[in-house]
Amino acid sequence: MGGLQKKKFERGSATNYITRNRARKKLQLSLPDFRRLCILKGIYPHEPKHKKKVNKGSTAPRTFYLLKDIRFLLHEPIVGKFREYKIFVRKLKKAYGKTEWSAVERLRENKPTYKLDHIIKERYPTFIDALRDIDDALCMCFLFSTFARTGKCHVQTIQLCRRLTVEWMNYVIASRSLRKVFLSIKGIYYQAEVMGQLITWVVPYQFSHDHPVDVDYRVMATFTELYTTLLGFVSFRLYSSLNLVYPPKLDSNGESEPKEESEDDYAMNSESYLEKLSALSASLARVVSSADEEEAQLDQFPSEGEDMEKMEAREKELKQQEAQKKLFEGLKFYLNREVPRESLAFVIRCFGGQVSWDKSVCIGSTYDVTDETITHQIIDRPSVGKQYINRYYIQPQWLYDCVNAKILLPVEDYFLGVTLPPHLSPFVEEKEGDYVPPEKLKMMALQRGEKPGNEQEEDEEEEEEEGEQEEEEEQEEDDNGDEEDDEEEVAEEKNLKKMEEQRSQGKSLHVKVTPGKLKVENKARLEQEEKAEEKRLAIMMMKKKEKYLYDKIMFGKKRKVREVRTLPLR
Amino acid sequence: KRAFRESIDIRNTVGNIPMEWYKDFPHIGYNLDGKKIYKPIRNKDELDDFLDKMENPEYWRTVHDKQTGSDVVLSDDQVELVNRLQRGQFGDVNFNECEPMVEFFSSDVMIHPVTNRPADKRSFIPSLTEKEKVSKLVHAIKMGWIKPRRVEDDGRGRYYNLWASEDSSILARHKMHLPAPKIPLPGHHESYNPPPEYLFTDEERALWEQQDPADRKLPFVPRKYSSLRQVPAFSQFIHERFERCLDLYLCPRQRKMRVNVNPEDLIPQLPKPKDLQPFPTTRSLVYRGHSGLVRSISVSPSGQWLASGSDDGSVRFWEVCSSRCMKTVQVGGAVKSVAWNPNPSVCLLAVALDSVVLILSPSLADKQVILSSERLLSAQQEGEEPAEGNGSVVWSEAEGEELNQGLRLKIQHPKAVHQVVWHAKGDYLASVMPDNTSHLQVYIHQLSRRRSQNPFSRNKGLVQCISFHPIRPYFFVATQRSIRIYNLVKQEMTKKLQTNSKWISSMAVHPGGDHVICGSYDCKLSWFDLDLSTKPYKMLRHHKKAVRGVAYHRLYPLFASASDDGSVIVCHGTVYNDLLQNPLIVPVKVLRGHVMTHDLGVLDVTFHPTQPWVFSSGADATICLFT
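So the sequences go chain by chain: F and P. If you read the first sequence in the UniProt record's numbering, its first letter stands for residue 1, the second for the next number, and so on. If you read the second sequence in the UniProt record's numbering, its first letter stands for residue 1, the second for the next number, and so on.
Pulled out of the complex, with its shape left as it was, chain P reads as follows (with noise of 0.2 Å):
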């Protein structure tokens, strides 16, 4: 005990505060004369402090204090007193926790009352704060503001029988309801254990890792466990439940009618083929002998000769039935396009190259047919002098090696020439030198006059080909969009068909005269009834690449269109004579025979006059013959 109070002889002034403050100082605080307690001298290290616990018997009861820096040793009595207050027991020994209770307030009335204060008066009279209460509240009630406590209902009782009576005035609305579609049902591939075939391989795994999940097939990746224990929870469980609740209250519902037809039944019936021969099936002849790709063909009205010109600046004349070369003529450039006159008494082609047309006499028939063709050629001269014409085409004849090769007359243009072709008659051919800038874009040329000239005074666009009509007087000009028919009698348009194509390649008109096909680079083919309509009356997609040439046959119902694809498509397009019925087109074989070379397959296509048997140029420099 008296230790402890020597402790407190020296007691630190600077009160209760964290005793770090004077972490830097020598001393420690003040005492009561205001001098400085200075710290221990040398404090205790770790190790003296091990060895204290060790050997000091005493160290059990040693307590440091902060405030002095020094131990102090409890006495017993302090122990005790520690004891007592750590088991939660008053300090005082002595104190008694269970003395009895003095009754002093009871209810029992003492003779002596505890105060003897007289009432207030505020306790008789009502209080008027608590009026106010009252009244507020009794106002609140009055008003519905303040209900009576709800009764709790436990849910038990909640559910009773909703549909005890089912009325049918609701049904009306749902009418227009479209429910929900319920959750697709699993496959196989959900399984905690599928079959092997089922799980992803490694390709697939990660080709689903690489995809965005609105992409893949599957949400999840399959997995396989050996036994039901070890399969553990599913991450997107609430995710999954979530989205159906997104779907069920976002997505718009519609009614799809979902088509479930028979793909067989979409598939048109038509003819049968074998009902629609003859047509030609089998590739039975080439010809070669160019070196460049064909870019025109013809066959003579006869059907004995066929004259091809090519890119190597050769014109050649074949025999149809033996695929022989009888004739090549070097003319000196690229031909773009040959044609053989067509009246049968004469024997003479035009041959389109570079900015001139050539009129040939190939001389492979009898003489007397030799004969009248030169008569027509030579008809000019003896009369009068060549007509100025329109100053800017000008006709001459060949003379020297020119003569010998069968050459007759040059038709000099102003512009480069695409294409050539002759009248029914014979007489007449029109020439196209395609330029989107001037109105001379087309010539007709009179051969037995010697004189040209343009038939429009106008520029509608860039020509792309011309034809003339087999019996009436018509011409007709396609440009690049659009067909114009002109009547060539009382020169005016009489109309234009509208194609529904990008870029016309090539145009072919129908023997009767009622009837066009037009094909374009787009791939397509358009028949246009002329009777009908303006607009085609039936747009084919048979070709995969640009449609290179179209070509009629003269005497059977028969079709064939050329493509970049190195195919020939014949069609059956049988006419009617009645208006009433519209031509009839089936598709009866596609024909293959030319090597796609430059990216180019078949250049032009066109019939044998009698027999049922198909030209075709390509661009690997050889002809085709389809029987």
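Bound conformation, chain F alone (with noise of 0.2 Å):
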């Protein structure tokens, strides 16, 4: 006995953990402002993994940050901007409020801003962790970029946002490394690899937006302002990675000089070069002009058994790569007024493809409808007017999904006026035991070279498939079949039953010989009968949390089996 008692909350998880408002307290903030610094800093709450004790006894709901985080926070340089920030508004305020305009417009002209730099480098130290989260920059600048220049945040911002959206739309296209889209209703989603990462977006249509009422913009535009920070320095590295200037200049000498005469009447000079870039009709200036890239080979490394499989499927991979990086090259694409331009232009460039369209719908269209070396015009009308013969006039649809196939898909199915046939998403992989839509096996059938016309062949397949799944049905119905032989033994006790009763009652016994059944014994049931019995029993035996977590898994498989079953038959 001895010793001080130790009081409560004073050591372990309770002092890993702050609650919101004391750290708030702590760094003399407002809401708004720690929010920002949060956003900023990427301090997010964590989850204590007893909350009761963390949160001294009390189970009230708060949400807690890490003391560590906080602590960290005191440091931040910009915690002083926001302060002077606060300062600025008070003394812009007394100015207002004792009409000193001269004082007023010095202290707009010093209006206190603050770098995010630092705050990027230390959330992303390496430039893969910057990509890896780019994803959410990238949706967020273009919605922003697709606002009015109105109304819900600084111009500047929108306009930031625009540039530099296409600034990694041209880095796409000149490094064609876009590998999926997928026309969605919510947007139309995009996939691109860039140094080994996937990065998908997701691009509104374009309308304009009715803002709802119930977001809050102001932490929208934190986030942006961070996005559009980290989105610039990650373009200016990619720029230079591909020997690209930065910030983007058009190509002088490109072979495909968009018209000089139109220009003038299009915009004003200083817009007009962000128009002609976002036209995304010409290549890009080069620090280093250089010829033709060289291809990267592959080296050739000496390997054995499994290694070498592997090899071999990346290698093919690779040329399979390559081949769809030009999947449009040599075609001629004219876009019609009605299609959404910049998407379809951005697809066809990033794939190798020429694309012009009506010079009264943008700036920067290389030829005319008259051309004709165009292969392919887009549209999306019921009827046009004056047709060419030379060239197919195909539904935007068959771009989209040609992406995705990898392949030129045949144009017949995408023509004027004809139903299309269904768009999948090319983000789903269907594991063994999901269900994969029909057009998606044809689809994989056009990539292994088969041709449409041995349809028969599939179908078979598909019965066979179906028939599989039959006989797992019945076996699945095994279960069942032993109620199904009590029933027999009921009714075999029954016709037992009355003949006991009927000799109780000392009546004459119809003395009658039925020939008896001969009851076939399937060797195979009986042998699974005995397993699923075992299985069952075994089942019993399994501990409390076991069976919960053995439930829980079966479930969901029964689920998705009753999916895939369900879903072909609507």
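Simulated from the structure, these hints should not be mistaken for laboratory data. Do not rely on the hints blindly, as some may be mistaken.
No farther apart than 25 Å at their CA atoms in a straight line, the calculated lysine to any residue pairs in the SDA-like style are these [claimed, not checked]:
hint, chain 1, residue 1, chain 2, residue 2
1, F, K557, P, K217
2, F, K544, P, P273
3, P, K142, F, R90
Each chain sits in its own coordinate frame; assemble them with the hints.
See the structure below:
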């Protein structure tokens, strides 16, 4: 006995966490400023393992931050900037109140600003880290760049976002790194592979937004502030990795020179450059004007067995990728005015096609409708007046489906006025036992090089699969088989009972021998039954925890199987 | 012009006021002499106005004077003036706007000054107010309050190679960082033109609309558009982005280990039931005859006879092999419990009903045995008078008709008896009268001396069932939640087993005496190893409903449990002599044969003393034999 009594909540996990309010007080920041700081620095709340212990015995719902994180925020120079800004606002208010307009002007000129460079560097110590986290940044910037130049946020922010997204698209075109495109009801999803990282972003369709009232635009603006900085640095690095000039410049000696004469009447000089860039029709200037890029050859390493197989698979994949990169090379597209120009131009240029549009739609068109060498005209209206014979009039989905299938699909299904085949998500990778839509099977067959003519074979395959499924069903039904047997027994027993009753009543028995039925013993089935019973008994002996887990897994599996079965029946 | 003048003469003196103030008066104002100016007698109406417009050639130059209420026709000059003013010219026709300017103040010094005033003194000395202002500014600059105008960077050169030198010092902090999970990629559902099977059916759509947004499987309704042109804007786009932002900075992150287990691995590896034979597998015989639910069954020590007690007030004796009812004894009351004397040299049956325990001699054995049992019953009679006992228990002999039926002794208890059990030797039997309020819950009777005693002086809870230890002088008492083990020789409690169940229903002791199983109404079966712990060694949750009865086999390592779900589960429970090895429990067979009646299934279960057979009695008034 001895020593001081230990006080509660003075050690252990209670001291590792801090509630939001206490953190805010410690940093001497208002809640919006604290929120901003957390967003910029990437501090997120933590869920303690034992909430009650951390919450000092209370079970009230609270958000907890790691004390270490908050301590780390204490030394952030940007906190000082926040305070400066607060003082600035106060001074400005005072000057307004006193109607000292010169003072107001002077203060406005010296509005405190801050840079986020060090935060970016701190949050993403390596370039790959930054690339990995760029999905959200891209989505946000693409969204902001579609906002109207009034109201919800600063015009500069919107312009910056637009500039950065155009730079990004130009980079993707230059590096030809686009992999997948998906037209969803939300917007257009793109997936690019940049430096081995798969980057997915979504671009909303080109409509004006009706801004919801229950969205806090301050939070969004803070995120955008961070994301624009991040995206700018990433773009710089990416451009320099391709030897491109940053900020991007159009290649002056490119073969596809935009027509000069239309420029003046299109936009102001300062704006036209960004517009021309965003037309995505011209290639970019390089720091070192290089001839054709040398193809990276995969070195052959001597390897054995499994490695060999892997290497071969990799090589095959690479080859396929190379082929995909040149998917539209040699094709000449013309976009009608009703199709989404930017998206289509982006996709076509990403895979090496040539693209143009009506010069009244956008700056940067390179050839007219009348050009005889056009191979495909993308069109999205039920009919067209004058048709040229030597080109296909196809609907825009063809392009996207080609990109996802990595081959040029037959154009017949996508002609003018034809009912389009379903557009499938390229992001779904079916595992074994999942439902595969028949369109996907067809596409896979095309990829394998089979002609669509021999569809019958496929059907047979499908049937086979179905057959397998049925077998499975039978197996499941076996479990129910016991009950059937029981029923039979019950029936027999009834018979016996009747006979017994008759005997007990002393009546003369109808002496009649009914031929017995031969019970065919299915050996395999018996064995299966035995196995099933064994399993059932073993399941009974499971521990409670494991049983729970097992039930959960099996529930999920069964649901999946059910889904797979019900989907094609629709 | 004259007309204009004249109109001035009858000038209204009210001034520039809204004329509707005079709306309700007959006059419209006052002239210079202070006389009322009366409104014109008849106002023009729309029709007059229209006719005027059509017929009067002067209409276009007629102006209504609100102040006098009269119409004025403008002269040519006046029309001209109006036109000039409308064109933005001067009213005066003769005014020349483009006269040459006279250079009055010029750079040339003239001989004659414009003003000849001598310069002020203040123009020679520095201004005090200016000095004050300047000094203020100087002070402000010195103090750093005013800063030079910042050079605006246009943002073009703002970006540089941030990751030129990648140092690892920051990486240390990053070990704890959990990157936010990426947004899940869209599936076929989200396509603008999905395969038709992914579209909602009417029911699914109704369900989707009913569901709370948090419960929905998909946050949107799949739609199909025939062409890209028709796809509208997604109204929730900004919302979704915003939600993502909130997730990024408000959601607590936690590293969750996703268990990636093969469910087959979770199933424990048990010895195959086939290797653990023999055990009962099929229902081979059904004993019918009772009309009420059969509460209790018991097998004679020889294994040839089965006794059953039912709610229809009868005790029946069956031959096991032929399922023939040999004898029926009407006892007049629902039989709660029957127990066959385990001593093979006597043939007696104890039956509990209402508040009486009856001793029956069914005379279903050879003469020797019947004689010896008769002797046992009559041993007391020859000796002294029955002891006064505790007063509350009265022993009496059966007479007349009852004697013919095989009834021998009646032991009248003060309260309703629920269970009766024999000691292994067959001389003692114990009975239970569950009652929460008194200590008179258990009686131990000695048959040979016709004596009863209450071993407990205090109430330790509602007694559910009791049992004698098969070898040693121990006595098991199961109360609602625990089992107490008493040493009858030392007259003290040796152990108290915690069952962790809510309400014990039944209990059985292993023939070796070191293990106890105990069923409870909350579907559990607990196995106790008495040498190991007072906590259950294993809890078996095999049944879906309340466990009603449990039993051990005397010779084979088997035990069975009967439940309200209509099933009897037979388990293999090997007990090793080696103290270090725990018993191995394997369920080997689920037996079904009883029909559920009034939500009751199987009520009692017991094993055959020598064969691996199990009997079960059910609420459907039948008894089944599984072999």
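Outcome of the hint check:
no. : hint              : result
1   : K557(F) / K217(P) : 17 Å, holds
2   : K544(F) / P273(P) : 22 Å, holds
3   : K142(P) / R90(F)  : 22 Å, holds
When each numbered hint is compared with the structure, no violation occurs for any of them.
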